[in-house]
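K.L.:
Just so you know, the sequences run in chain order X and Z. If you read the first sequence in this note's numbering, its first letter stands for residue 1, the second for the next number, and so on. If you read the second sequence in this note's numbering, its first letter stands for residue 1, the second for the next number, and so on.
None of these hints come from the bench; they were simulated from the model. Model, not experiment: these values are computed from the prediction. Among these hints, one or two may not hold up.
Copies of the same chain are indistinguishable here, so a pair counts whether it falls within one copy or spans any two.
Cross-link-like lysine to any residue pairs, in silico, SDA-like; alpha carbons within 20 Å at most [stated by the list, open to error]:
no., residue 1, residue 2
1, Lys-113, Lys-169
2, Lys-57, Gly-139
3, Lys-40, Lys-192
4, Lys-40, Glu-193
Number of protein chains: 2
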Amino acid sequence: MVMYRCSTSLKFWKKWISSLLEFDATPSYQSVRDAADNLKGIVVRTPLLESMALNEKLGARLFLKCETLQHTGSFKFRGAYNTLSRLSAAQKKNGVFAYSSGNHAQGIALSAKMLGIPATILMPEDAPEIKRTNTRAYGAQVITYDRYTETREEIGARIAAEGNLTLVKPYDNYFVISGQGTTGIEIAEQLKEIQAAAHICVCPAGGGGLIAGTSLAMRELSPKTKLYSAEPEFFDDTRMSLATGKRLPNEGNHRSICDAIVTPMPGEITFEVNKVTLTAGLAVTDAETASAMRTAFDYFKCVIEPGGAVALAALLSQKLDIAGKTVVAVASGGNVDPVLYSRILGGEI
Amino acid sequence: MVMYRCSTSLKFWKKWISSLLEFDATPSYQSVRDAADNLKGIVVRTPLLESMALNEKLGARLFLKCETLQHTGSFKFRGAYNTLSRLSAAQKKNGVFAYSSGNHAQGIALSAKMLGIPATILMPEDAPEIKRTNTRAYGAQVITYDRYTETREEIGARIAAEGNLTLVKPYDNYFVISGQGTTGIEIAEQLKEIQAAAHICVCPAGGGGLIAGTSLAMRELSPKTKLYSAEPEFFDDTRMSLATGKRLPNEGNHRSICDAIVTPMPGEITFEVNKVTLTAGLAVTDAETASAMRTAFDYFKCVIEPGGAVALAALLSQKLDIAGKTVVAVASGGNVDPVLYSRILGGEI
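Work out the full structure, taking the sequences as your base and the hints as a guide.
P.N.:
In structure tokens, the structure reads:
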């Protein structure tokens, strides 16, 4: 046993001890930077695009951070791989469990496959077909539930306990948030490379993991940039919570085309970050989201899914005064069913 | 006058003399490298994407070079800017003229705008609406003609002569081909960055400018990569010409969804290059092209126009044996009307 310990590197034990200490800690710029080192060469450094024609139309300089081009078609791969790669050998052997409307599912499924970890995923019955199919294609076992009558947290906790699986929450997780934040490091670096500075950066928010990590990175690397979350109307829990300083749930029985981000309320850890780093939250209608998806098709040739397009929608529909400013919208995902996409292109929504 | 000459830099005169000498010369790796220096910071270094899910399905490693994300939505901006930026002050003042089915038009229009040059463009009446609208939006004057009864070369020569405009041909031009070739420099560099080496690289071919420039770059930087053109069936003049060693025109009165690349025969200068650098030409059906566009939507979240998808189509429909190989397809443009795109997503074509 002593020999075994001696043969294991100091780096391993440091990593192991820090993973125990930090797992429930609040992420920081440093944890996002560590994630960037961990993910180097693994994630796609997605492009930060601009369209001169659109800029002229808007009277502003708008950049689109295309996480649609990330592995699995969304930013979720960043946080998933960052988390799974840090599990212990025993955790990896037993396998992981996740609940997700689809993008976290795919991120976990691909990361698990790359790292040789068995994965079980709980998804809503009405998650887009493309998300369920892809999650299975990456080799994960998929279980479905009715998101309008059952609670994924309860079912998830039971399945994870029964199988001794490690639950990887979609946003309330130190390593997940830190991984998502590498998006922000890239944005800051890419702007610097072209000698640009952003006045405003807007990110879609479901549970708030992407905007939490991204805002930690941007606040450090581009402190003058004002940071905003974007959400669908009726699911603007982050906006309401930021306005009151308290975590508030969404109310009423509404539906939205933004399947990826119709979460019930902000995460605990994510809100700890976001209430400090964000200026405010913005909300957009489904019609504004659909219009932003058409703009992305016309000007950027990028397929964005509804939930991924809310930040662009907020900027295009002038929720903020962007005249003469340099602004960034994160396009967080592109996993949209072709039938819905065609309806949106055709102006039905 | 002498004082004026003395105050002008040596660099300027060297550039001017070389432009006179080289304008009708055959492009080379060196001219492509010069174009890359000229275009640094101007063009988008477009991403070279791969999808692990698609790779697994194909049993090959497939990279997609997304020139759909280039300014104006196609590679044409590279050659257009490279050419226009080298015109004399008098040429710039008088303005430029181009004929194009749409992508060269947009490339010229945006480049001219950036450089303060008046631009007149001749486009077919039936060019996609999006291409005509965008060309006008970039500030160019657009004139239309009937591509099935009139010859653009004749109309073009007359308009250019009458207005003392500099004609910038879409492919048979030293600086245009050299500019397009910067796509190939990026592919080779991007593959090297991830320690990958391509067995095969396929490019769409209309007049053959993109594949000529790209093949010059790849032959120098990645000499083991086999290079192929891809064309729609019935418009496979490059394939036929490569097979016989002589420039052959397309025959019959066919139509294709691939509006960007239904050129009548290979260019003179482009074929001088391509007959040396290419292994062979490939041809695909409209159905294979449409299927490739759907695959790009599903796996890459990239909007590719029909003419831009023929290289991907050739690889996906197994025109070559790609099993176990590393292959690159250039997606050369993304300017497709939303109605046609929706029909293709829906499987109508």
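K.L.:
Now tell me if each hint is right for this structure.
P.N.:
Tested hints:
no. : hint                 : result
1   : Lys-113 with Lys-169 : within (18 Å within a copy, 50 Å between copies)
2   : Lys-57 with Gly-139  : between (45 Å within a copy, 13 Å between copies)
3   : Lys-40 with Lys-192  : both (19 Å within a copy, 16 Å between copies)
4   : Lys-40 with Glu-193  : both (18 Å within a copy, 12 Å between copies)
Checked against the numbered hints given earlier, this structure breaks none of them.
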